[in-house]
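**Q** Chains as they are written, first to last, in the numbering used here: chain A, 2 to 228; chain B, 2 to 228; chain C, 2 to 228; chain D, 2 to 228; chain E, 2 to 228; chain F, 2 to 228.
Please keep in mind that the hints were generated in silico from the structure rather than gathered at the bench. Nothing here was measured: the structure is a model prediction, and the numbers come from that model. Heads up, a few of these hints could be off.
Given that identical chains are not distinguished, each listed pair holds provided it fits within a single copy or across any two copies.
[Unchecked claim] Lysine-lysine pairs mimicking DSS-like chemistry, simulated, CA-CA at most 30 angstroms apart:
hint, residue 1, residue 2
1, Lys144, Lys42
2, Lys22, Lys221
3, Lys225, Lys199
4, Lys42, Lys135
5, Lys184, Lys22
Protein chains: 6
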Amino acid sequence: MAELGVVYRNIVRADRDVAAKLGTLGTATVHEAMGRVGLLKPYMRPIYPGARAAGSAVTVLLHPGDNWMLHVVAEQILPGDIVIAAITADCTDGYFGDLLATSFKARGAQGLVIDAGVRDVSVLAEMQFPVWSKAISAKGTVKATLGSVNIPVVCAGALVTPGDVVVADDDGVVVVPAALAQKTLEAAAAREANEGEKRAKLAAGVLGLDMYNMREPLQKAGLKYID
Amino acid sequence: MAELGVVYRNIVRADRDVAAKLGTLGTATVHEAMGRVGLLKPYMRPIYPGARAAGSAVTVLLHPGDNWMLHVVAEQILPGDIVIAAITADCTDGYFGDLLATSFKARGAQGLVIDAGVRDVSVLAEMQFPVWSKAISAKGTVKATLGSVNIPVVCAGALVTPGDVVVADDDGVVVVPAALAQKTLEAAAAREANEGEKRAKLAAGVLGLDMYNMREPLQKAGLKYID
Amino acid sequence: MAELGVVYRNIVRADRDVAAKLGTLGTATVHEAMGRVGLLKPYMRPIYPGARAAGSAVTVLLHPGDNWMLHVVAEQILPGDIVIAAITADCTDGYFGDLLATSFKARGAQGLVIDAGVRDVSVLAEMQFPVWSKAISAKGTVKATLGSVNIPVVCAGALVTPGDVVVADDDGVVVVPAALAQKTLEAAAAREANEGEKRAKLAAGVLGLDMYNMREPLQKAGLKYID
Amino acid sequence: MAELGVVYRNIVRADRDVAAKLGTLGTATVHEAMGRVGLLKPYMRPIYPGARAAGSAVTVLLHPGDNWMLHVVAEQILPGDIVIAAITADCTDGYFGDLLATSFKARGAQGLVIDAGVRDVSVLAEMQFPVWSKAISAKGTVKATLGSVNIPVVCAGALVTPGDVVVADDDGVVVVPAALAQKTLEAAAAREANEGEKRAKLAAGVLGLDMYNMREPLQKAGLKYID
Amino acid sequence: MAELGVVYRNIVRADRDVAAKLGTLGTATVHEAMGRVGLLKPYMRPIYPGARAAGSAVTVLLHPGDNWMLHVVAEQILPGDIVIAAITADCTDGYFGDLLATSFKARGAQGLVIDAGVRDVSVLAEMQFPVWSKAISAKGTVKATLGSVNIPVVCAGALVTPGDVVVADDDGVVVVPAALAQKTLEAAAAREANEGEKRAKLAAGVLGLDMYNMREPLQKAGLKYID
Amino acid sequence: MAELGVVYRNIVRADRDVAAKLGTLGTATVHEAMGRVGLLKPYMRPIYPGARAAGSAVTVLLHPGDNWMLHVVAEQILPGDIVIAAITADCTDGYFGDLLATSFKARGAQGLVIDAGVRDVSVLAEMQFPVWSKAISAKGTVKATLGSVNIPVVCAGALVTPGDVVVADDDGVVVVPAALAQKTLEAAAAREANEGEKRAKLAAGVLGLDMYNMREPLQKAGLKYID
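Model the full assembly from the supplied sequences, consistent with the hints where possible.
**A** Structure (structure tokens):
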């Protein structure tokens, strides 16, 4: 499935402005706008509350307990990118810490999404370098085996192709194929547009039952009220 | 086991004042006072530190990936209620976000306990609307299948009957049957009463071994000290 | 494997100054300096962000749902110690709360590492008494069965001998055998020494590929760049 | 929630013949006939392939690591009963082995469903005494704390009331409230009735798409075929 | 990421003979020959011991709790195919039972790999229809929402493209891209070729240390023998 | 904690006859006789039903994804030994297959206990070479990093010292320190001695309540019968 030992240098990145706008809308809205696909599994959590990032995916495939390719991928980062790191088998080791974060930040990375562990999380939080991971672990890694950079990878159950838009926040991580980014942005923005009005109505005590005209379909479905 | 497609409108709620007082005592004390039963499984966690709530249970049974009945239950909320949401099968989808929270809050809900996922957690934290869930996920849900409101439900391993007192804080969620609420309050308050004195002694260096007279029972049980 | 019903009163503690210095270096650096061994499983997490502790291990072996021996171990604590609590079977009950924390703190304990649950976590956070646990649970425990104090224990997958240095922070918990503490400190300090310089270079945009001279070994390993 | 220290001796058992017939139909069919409720979580597995049992529920609530009440419940077993054992907290200890199985069998028990561990599984398989459990473990238990017999319990996420019909096989365990047993049997038998005909058609190559008239609803739902 | 509501009818299948030969070699050998990629997560287990299958992948993407598309995919099966079923979110429901197995078998399917649950496992074992799944559950599913057939899917952490070779046995499930099938077969057969000779030597007491000439590299790596 | 890169050649093995007799008594009885300690976590399961082994522990510490040291440990096996393999971090890779099993068997090994995965399980079952593991996986491993042989290791939560007696069967794996083996054998045999008589009584319908004289202690503990 995966090519090993290759680095693709020229990838077509998603439009940076579209990615940023999708980031503002947030994962829940973007995921709905996508038709409820593209979400990484919910075990992927931000290492500090309030973490947010959006950008174009630069991917890396790593081996368990080996972070060599994180140094290789660093060189491929352009400002606005998010690094998506997949592992060939389950692993919770701490692949990434404050030195790599300093390097990634210097290259312009918006954040890291890694299906493994990270460490130095206090320092990463101080640096405000956002990371989504499945574990936090002091366990270090070796630098011995080749993986690949910028090939399609499966990260936390989702397929990520280099150049896809990645949106990540407190609710999780969602991937939008580059070709669908503009269309998804429009659908997401449309969803968002009338949320303010809805929120005001609900705050005033209007029920969703009425606002969304649910009473009739509920009755048709057979809902019974018992006093 | 569970009746589907029904909404019980008239439930007998626990005394609101008793519920509030139990809330002040906290889950650990209340759970002890209950005889160490009634606790939801510890995978149920608050979505932000410091979350606290206590109230009378309004229950809802939902299907995996379907939050339709959360709109139905909203109408049944009275000020002081806590919504307890159970699911017919394991699911981590994000059933509840900021719009429903706005509606629940407007109805006077004290919080939500849901054996599934929620989303918009940054906004919920800002709103200080407390939620205990087993997951956080951006994944949305559909509105297609009937469940029920105000039937007894099994939530995170505990049976919850509508009108039970629910106490939730950083240590978890405990359910007190309405009929036992007053008695549990008295037992919990009695436990709490002399905690201040104990704390002062322990802070002064007195050992629990002496304060609780444990040396003799430990010796009888056969404990040996080796120098 | 484990002796039950005994309390060893005289253990040889690690050098307090060495323990403190290892604590300053942090778990990730210490674990690397140890040759990547000695780490507890990453499910052990601090109960509040920023928790840090380092000290000499005082160990206790407990039974599921029974915290009697925590009162016994309290008497054996000397200033600078960290209590390491292992359980004879998997359990998530809340063995430890604010009263025991008050007692442990009064004895000079630096913190607690427990392969089970704790409760009163809001109060523990206010007290700034650091705890690493595998769960948070309001569920209380009984005081009925003898365990042991200051015998070697297996805690979260790691063997801990009384007197070992324990270092714990946001990244996890690492155990350093007393006999290796000084040597590990030297190795860890050496690792740390040139981190500042490295960080500055990376922040200035130098790549790890160049700073660590990785390009040649990567090429030898067969890495191919594709434009 | 749960009364501790009581044994209800007189429970109303489900009709034995109805239970047996439901057992013949199997869990999958019965669960469908119930409207897809009443199933214990799928982590409950038979200890040997081909295990099957059906009967009236006799319930017992146990504490972690304590099997005392299994001796108490043994006396309450009547021929045709299935024992349902719930635990007040998660535990994988081996509560039940060949001696208790000999006793249960002598009393006429059809099997055991326990939300914990069992042991002597080789012997139990030879005896053909069917057990559904969440674990297999050699770890023994003590006899120290009272639980209850024949109170409603939550077992593996399902509420079981004494006298309910329990059906268990290779696919899992389902609970049918006694009051619904006859009606469920009729619905289940109706489902089963035309399965033979369906199976023959499918074996002959007829597609479910045609047999169930799904082509039109699929088209209406928007399904597109691409050549 | 995933297109919903489409069925691709014309896919290019892997060579049937190559698939069969890969199946004879088994997952462990094929996975090694692939360079240790392409394996589904090890939670995917056969429903009975000795299950074996190999064929060309026909894929289907399903929603949680909804098996409608299994009827749609049945029509797309050609003799020699293996159905690979992925779900858009974690689910353990029993999507597949004896009726669908009868239909799949009549169409010539070699087996099913599903990242969810199945039921009627006793009957499936009698039929010798091999299934690899992550759960066994009596819980049925609805037929309400469209997914897709023959699009690339992520199943148990691996990307599967329609027409890939799938090899499954007691050790797990491995996917070989159609384009690599012939080359992988050659590499796998070469691995296998001298296994008989190796086995004979090892059975005669020759050590792997000598047979594989490991003593020198072990010494170079610093291995020390202590008497 | 763990010394890396060393092989201890001279270990003191437990008495082979004692080990064999403990094996006949089985893990449940031995674990009770030990005072309920020494059991590996119950996730360790035999790869085929009916697997049984008992012998003297030869230990090996391995790195994730690296089985090099299994070849080193093979040379240290004497007839009657059981190999106990621990890993420095969680890993489910298939470290061991039919070739290594052939070699281990030729050396006289009674079985393997490994806190990771194994493969070729069909062949291992045919060979009747018993293995207890936490996973089954086709995923192979590399041969790159030194571990150690015959040092104390933590395997599945239990400390194992070379030369300890290991008893393993369908109920799990238990470790008996060599120094306690004879005494444990006597205690276990005593437990076993009157089991036949007990079984006969229970089979005849005598209740454990009466056979163990439990009625009085239950009454004293406050048990109430309600008609």
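**Q** Please write out, lowest number first, the hints stated earlier that are contradicted by the structure.
**A** Failing hint: just 2.
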